[in-house]
Amino acid sequence: MVGVLVFGVSLLHYGTPTARPLLHDVYRRLYYLPVGLAAVWFGLRGGLVVSGVVAAIYVPHIMMYWNDMGRELWNRVMEVGLYFVFTGLVGFFADRDRAQRRRLQLANERLERSYEELRRQADTLLQVEEQLRRADRLSAIGQLAAAVTHEIRNPLGAIKGTAEILRDEFPGGHPKAEFLEILLKETDRLNQVVEEFLGYARPRADEEAEAVDLAALAREVAAFVATPARKAGVTLAVEADGSVRVRGRPAHLKQVLLNLVLNAVQASPPGKGVRIRVGSCPGLVPAAEFREVEGRVARVCVEDEGPGLPPGEEGKVFEAFYTTKEEGTGLGLAISRKIAEAHGGSLVAENRREGGARFVLTLPVAEGTDG
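Numbering-wise, the sequence shown is residues 1 to 371 according to my numbering.
Read the hints as simulated data drawn from the structure, not as lab findings. A hint or two may mislead.
Calculated cross-link-like contacts (lysine to aspartate or glutamate; reagent style EDC-like; alpha-carbon spacing at most 16 Å) [what the hints assert, rightly or not]:
(1) Lys254 x Glu341
(2) Lys316 x Glu350
(3) Lys185 x Glu210
(4) Lys254 x Glu208
(5) Lys316 x Glu130
(6) Lys176 x Glu195
(7) Lys185 x Glu208
(8) Lys254 x Asp188
(9) Lys160 x Glu178
(10) Lys254 x Glu314
(11) Lys272 x Glu186
(12) Lys176 x Glu210
(13) Lys160 x Glu130
(14) Lys231 x Glu178
Between beta-carbon pairs, the in silico distance windows are [to be verified]:
(15) Arg153 x Asp123: 23 to 33 Å
(16) Ile165 x Gly344: 40 to 50 Å
(17) Glu341 x Phe224: 17 to 27 Å
(18) Thr227 x Pro307: 52 to 62 Å
All C-beta atoms, glycine included, are put in the ideal place defined by N, C-alpha and C.
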């Protein structure tokens, strides 16, 4: 653009007779357009270079055609000098404006980086705060559990023992036998609450980690739950993609699967089914982050055909003491997630599009296995 303007104005100068000085006055002032644009677009140096080119083209025209015109000659020479002055001023302010914009851009980039860093730090602080809150809750639960163990377990044992003795005195047909059965049932339930309370506060560490076949474990759990599932009118199905081995404590992992399957059976109405999938799990499975750390992961999905989870509360089901059951303690899923995380994995929940809930247990595959 600048070159075209310089060439065009110069062509007008050289193509117009000197007998028409007014046109030449207009043409020489048209040179301000390319030198000004050059200064704005390319800065001080670019403007001075274009001014030099204009001078190199226009000065020979002055010397050839205006050399004998004294005052008119000097006016035109001074005009050439003004090109440089004009370019210098415009280029100076253009460079200063460009530098200011650059500084503002750099400052904006620094602010964006600072904001991003602050956001990451805030997320980290929130995670640490949540961990501290969980640690505080665990500490309080642990202290309470120690007292509960002594103050409740011993009386419970005495109550249960007494009830069993009385049951021998009152056979099944006796009117009071029903009350003894209720007493024994409620004693067992209270003892289970205490066990879950202790399990959440103080997870067992009495078992060594070993290679665990998740498919075999899933079938074992399904066989164990088959009777209560049949009584509830719920079918059980196990789907496994071969042998999938992880490294962990078998009893702990069995506790997780047993809790998930029992919950699924309880959530499913009669005539519906519960499916345990080992290996291939649809849905929102957070496996990518584990692949980055561990290389490969194994997944177990437990799906039911019940009413599903309350909308927006998929994460709350893993909080301690959160439950939707009338007789629930709200500790089973909290303990299960804790066990999963202790094995380097995760436990998440979601609602299925087809209806019902899906719980996904993700664990790192044991080294030296082909999955």
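We went through each hint and held it up to the structure:
1. For a cut-off of 16 Å, the pair hint linking Lys254 to Glu341 stands: about 15 Å separates their Cα positions.
2. Taking the CA atoms of Lys316 and Glu350, the gap is about 11 Å. The hint holds against a cut of 16 Å.
3. Proximity of Lys185 to Glu210 is assessed by CA-CA distance (about 36 Å); at most 16 Å being required, the pair is judged violated.
4. The hinted pair formed by Lys254 and Glu208 meets the criterion: a straight-line CA distance of about 14 Å does not exceed 16 Å.
5. For the hint pairing Lys316 with Glu130, the CA-to-CA distance comes to about 14 Å; that is within 16 Å, so the pair holds.
6. Annotation: proposed proximity of Lys176 to Glu195 is violated, straight-line Cα distance about 29 Å (limit 16 Å).
7. Using a Cα cut-off of 16 Å, the hinted pair Lys185 and Glu208 is violated, with the two alpha carbons roughly 33 Å apart.
8. For the proposed pair Lys254 and Asp188, the alpha carbon gap of about 21 Å is over 16 Å, so the pair is violated.
9. Taken as a hint, the Lys160 and Glu178 pair is honoured in the structure, with Cα atoms around 15 Å apart against an allowance of 16 Å.
10. Straight-line distance between C-alpha atoms of Lys254 and Glu314 comes to about 23 Å, which puts the hinted pair past the 16 Å bound.
11. About 29 Å separates the Cα atoms of Lys272 and Glu186, which puts this hinted pair outside 16 Å; it is violated.
12. Pair hint Lys176 plus Glu210 does not hold up; C-alpha atoms about 49 Å apart against a cutoff of 16 Å.
13. Taken as a hint, the Lys160 and Glu130 pair is broken in the structure, with Cα atoms around 40 Å apart against an allowance of 16 Å.
14. Only pairs whose Cα atoms come within 16 Å are accepted, and Lys231 paired with Glu178 is rejected, the gap being roughly 21 Å.
15. Roughly 42 Å separates the CB atoms of Arg153 and Asp123, a value that falls outside the hinted 23 to 33 Å.
16. Range check, Ile165 to Gly344: about 48 Å between beta-carbon atoms, so the 40 to 50 Å window is met.
17. Against the hinted window of 17 to 27 Å, the Cβ-Cβ separation of Glu341 and Phe224 comes to about 24 Å, which satisfies the hint.
18. At about 24 Å, the CB distance of Thr227 to Pro307 disagrees with the hint of 52 to 62 Å.
Comparing the model with each earlier hint shows violations of hints 3, 6, 7, 8, 10, 11, 12, 13, 14, 15, 18; every other hint is respected.
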